[in-house]
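Q: Sequence:
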Amino acid sequence: MKIIDVRLLQVKGVMPGEGDFWEERLARPTDVYAQFRTVNNHDGGVQLEDGFAITTVFLEIVSDEGVDGLAGPVPHAVASIIHGQLRPLLLGQDPRDTERLWDQMYRAQIHGRQGDGMLAISAVDCALWDLRAKWMQQPVFRLLGGSLQEEIPAYASMLGFAVQDMARVHERALEYKALGYRGQKWFFRHGPMSGREGLKKNIELAKTLREAVGDDYDLMFDCWQSMDVTYLLELAKGIEPYRPRWLEECVMADRIGSMQRLKDKLSIPMAGGEHEYTRWGFKRFFDSGALDVIQPDIYWCGGLSETLKIAAIATLYDLQVIPHGHSSIATAHFSTTQSPIHTPYQEYLVKWNDIHQYFLRDPLVPQNGLIPVPQGPGMGMALNPAHIQQQTYLFTP
Numbered sequence: 001m002k003i004i005d006v007r008l009l010q011v012k013g014v015m016p017g018e019g020d021f022w023e024e025r026l027a028r029p030t031d032v033y034a035q036f037r038t039v040n041n042h043d044g045g046v047q048l049e050d051g052f053a054i055t056t057v058f059l060e061i062v063s064d065e066g067v068d069g070l071a072g073p074v075p076h077a078v079a080s081i082i083h084g085q086l087r088p089l090l091l092g093q094d095p096r097d098t099e100r101l102w103d104q105m106y107r108a109q110i111h112g113r114q115g116d117g118m119l120a121i122s123a124v125d126c127a128l129w130d131l132r133a134k135w136m137q138q139p140v141f142r143l144l145g146g147s148l149q150e151e152i153p154a155y156a157s158m159l160g161f162a163v164q165d166m167a168r169v170h171e172r173a174l175e176y177k178a179l180g181y182r183g184q185k186w187f188f189r190h191g192p193m194s195g196r197e198g199l200k201k202n203i204e205l206a207k208t209l210r211e212a213v214g215d216d217y218d219l220m221f222d223c224w225q226s227m228d229v230t231y232l233l234e235l236a237k238g239i240e241p242y243r244p245r246w247l248e249e250c251v252m253a254d255r256i257g258s259m260q261r262l263k264d265k266l267s268i269p270m271a272g273g274e275h276e277y278t279r280w281g282f283k284r285f286f287d288s289g290a291l292d293v294i295q296p297d298i299y300w301c302g303g304l305s306e307t308l309k310i311a312a313i314a315t316l317y318d319l320q321v322i323p324h325g326h327s328s329i330a331t332a333h334f335s336t337t338q339s340p341i342h343t344p345y346q347e348y349l350v351k352w353n354d355i356h357q358y359f360l361r362d363p364l365v366p367q368n369g370l371i372p373v374p375q376g377p378g379m380g381m382a383l384n385p386a387h388i389q390q391q392t393y394l395f396t397p
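Numbered by full-length UniProt numbering, the letters in the sequence shown go through residues 1 to 397 in order.
Quick caveat, the hints were computed from the structure, so don't treat them as lab data. Computed from a predicted structure; not experimentally measured. There's no promise every hint is true.
Think about it this way: if two alpha-carbon atoms lie no more than 27 Å apart in a straight line, the pair counts; the simulated DSS-like pairs of lysine-lysine are [said to hold, decoys possible]:
no., residue 1, residue 2
1, K283, K207
2, K265, K201
3, K265, K237
4, K177, K351
5, K201, K351
Computed spacing ranges between beta-carbons, pair by pair [stated by the list, open to error]:
no., residue 1, residue 2, range
6, G195, G51, 35 to 45 Å
7, E240, N384, 43 to 53 Å
8, E240, E197, 19 to 29 Å
9, M193, D64, 30 to 40 Å
10, Q367, D97, 32 to 42 Å
11, T396, K207, 53 to 63 Å
12, Y33, N368, 21 to 31 Å
13, R284, Q375, 35 to 45 Å
14, Q47, A382, 44 to 54 Å
In this text, a Cβ means the ideal position worked out from N, Cα and C, and glycines have one as well.
Model the full assembly from the supplied sequences, consistent with the hints where possible.
A: Okay, structure coming up:
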C-alpha cells in the first residue's frame with residue numbers, strides 16, 4: 001500500500017442560528033494591552049444575521065488501494081505546512097507505518113517542533129490512523145488495545161456562553177446538569193487588567209455556579225493563560241469555598257516555575273498542558289510536578305501516536321490525563337483505551353463542537369452525559385455534503 005496523494009479540502013457553509021453564536025469572550029493573555037480587550041472574538045467563523053459562516057479545511061490522505069484517511073478540521077496555516085513540507089515526505093510511503101512516518105516528519109520539522117508545525121504532524125498522524133483502521137475494517141481504538149470503558153463520562157465545557165448575567169449562568173448550569181453532564185467547566189471573563197471589580201465578578205461566577213448545581217457536582221475553571229501568580233492567589237482564595245475540581249491554564253505555558261508556586265500554595269488542583277507539544281515538552285511538567293491533571297490535545301501535541309506516549313509516561317507519576325477537547329472523535333478513541341482512574345473524563349466543548357463537527361455526517365454528541373465511542377471502521381468520520389455549500393481543493397493548479 002502506498003500514499004498517492006495528500007489533499008487539503010476547503011469547505012464552506014453557514015450554520016443556521018439566531019443571535020450571536022459566541023455570547024461572550026474569555027480572558028486572553030493579550031488582555032494586558034487595552035487594544036485587545038474586545039467585546040467578542042468570532043473564533044471559527046463569521047457572524048451573520050441568520051447564522052454563522054464557517055470556512056475550514058479537511059485533510060485527505062489517499063492510498064493506491066482505495067482506502068483514504070480523513071482528519072480535521074485544520075487551520076489554513078496548518079494546511080499550508082502539510083502541503084508544502086509534509087506532503088513530499090508522505091508520497092509513496094506505506095500509510096500503515098505510523099511510527100516511522102511520525103519520526104520522519106518530526107525529524108524533518110526542525111523549526112516546527114511546536115506550534116503550527118506540530119499541529120500539521122498531528123493532523124497527518126490522525127489521518128494515518130483513520131486510514132490504517134479502515135484498511136483493517138476496525139475502529140481505531142481496537143488497534144490501540146481495545147476498550148477499557150465503553151462510554152466516557154463527559155464534562156460540558158462552556159466556552160462562549162454568557163458569564164456576566166448571573167441569572168443566565170444559574171439557568172444554564174442547571175440546564176447542562178439536567179442533560180447528564182458529570183461536571184462543567186466555565187471560563188473566566190476577567191483577568192488582572194480588569195481590576196478588583198473583575199476579580200469580584202470571577203468569584204461571583206464560581207459562587208453562582210456552586211449554588212446552582214449543588215455540592216455533589218464537579219466545577220472546573222479555565223484561566224486560559226491570562227493571569228499571574230499574585231492575581232491567582234487572591235482569586236483562588238475567593239473561589240476555594242466553592243470547591244473547584246481544578247483550575248486550568250493559570251499562567252502562560254512556559255512559566256513552569258509559576259505553576260509550581262501555585263501548586264505549592266493552593267489546595268485547588270492544577271490542570272494544563274493543552275498548549276504543550278510532544279513527550280519531550282511534557283517532561284517538564286512531569287519532572288517539576290507542576291500539574292495534577294495533564295491535558296494534551298490530540299490534534300496539537302503530536303497526534304494520537306504521541307498522546308499515547310505522553311499518557312503512558314503520565315501513569316508513572318500517577319497523573320490523570322484528560323485531553324483538551326479540540327477533536328471529540330479522536331479523543332474518544334484515545335479515552336476509551338485508558339484506565340478510568342487515569343482518564344475519568346472527556347471534555348466536550350459545547351459550542352466549539354457545533355462548529356468543529358458541523359461538516360461531519362455523524363457528529364459525536366454525548367448521550368445523557370456519556371460519550372459513545374464510534375464503532376465503525378477508522379475514526380468514524382465522513383463529510384456531510386448537505387452542509388457543504390462550496391468546496392475547493394487547495395494548492396491545486
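Q: Are the hints correct? Go through all of them and say.
A: Hint by hint, here is what the structure shows:
1. Taking the CA atoms of K283 and K207, the gap is near 35 Å; set against the 27 Å cutoff, the hint is violated.
2. Between K265 and K201 the alpha-carbon distance is near 23 Å, which keeps this suggested pair within the 27 Å criterion.
3. Of the pairs offered as hints, the one joining K265 and K237 holds, with about 10 Å between alpha carbons and a cut-off of 27 Å not exceeded.
4. Restraint check for K177 and K351: the C-alpha separation of about 16 Å stays at or below 27 Å, so the hint holds.
5. A hinted pair counts as satisfied when its Cα atoms are at most 27 Å apart, and K201 with K351 qualifies at roughly 23 Å.
6. Between G195 and G51 the beta carbon distance is about 37 Å. The supplied range of 35 to 45 Å therefore holds.
7. A hinted range of 43 to 53 Å for the beta carbons of E240 and N384 is consistent with their spacing of about 45 Å.
8. The beta-carbon spacing between E240 and E197, approximately 20 Å, falls within the hinted interval of 19 to 29 Å.
9. Between M193 and D64 the beta carbon distance is about 56 Å. The supplied range of 30 to 40 Å is therefore violated.
10. A hinted range of 32 to 42 Å holds for the C-beta pair Q367 and D97, which are about 36 Å apart.
11. A hinted range of 53 to 63 Å for the beta carbons of T396 and K207 is consistent with their spacing of about 55 Å.
12. Distance hint check: the CB atoms of Y33 and N368 are about 44 Å apart, inconsistent with the given range 21 to 31 Å.
13. Remark: the range hint 35 to 45 Å for R284 to Q375 is upheld by a beta-carbon distance near 37 Å.
14. In this structure the hint that Q47 and A382 lie 44 to 54 Å apart at CB is violated, the actual value being about 28 Å.
Of the numbered hints given earlier, the model fails hints 1, 9, 12, 14; all others are met.
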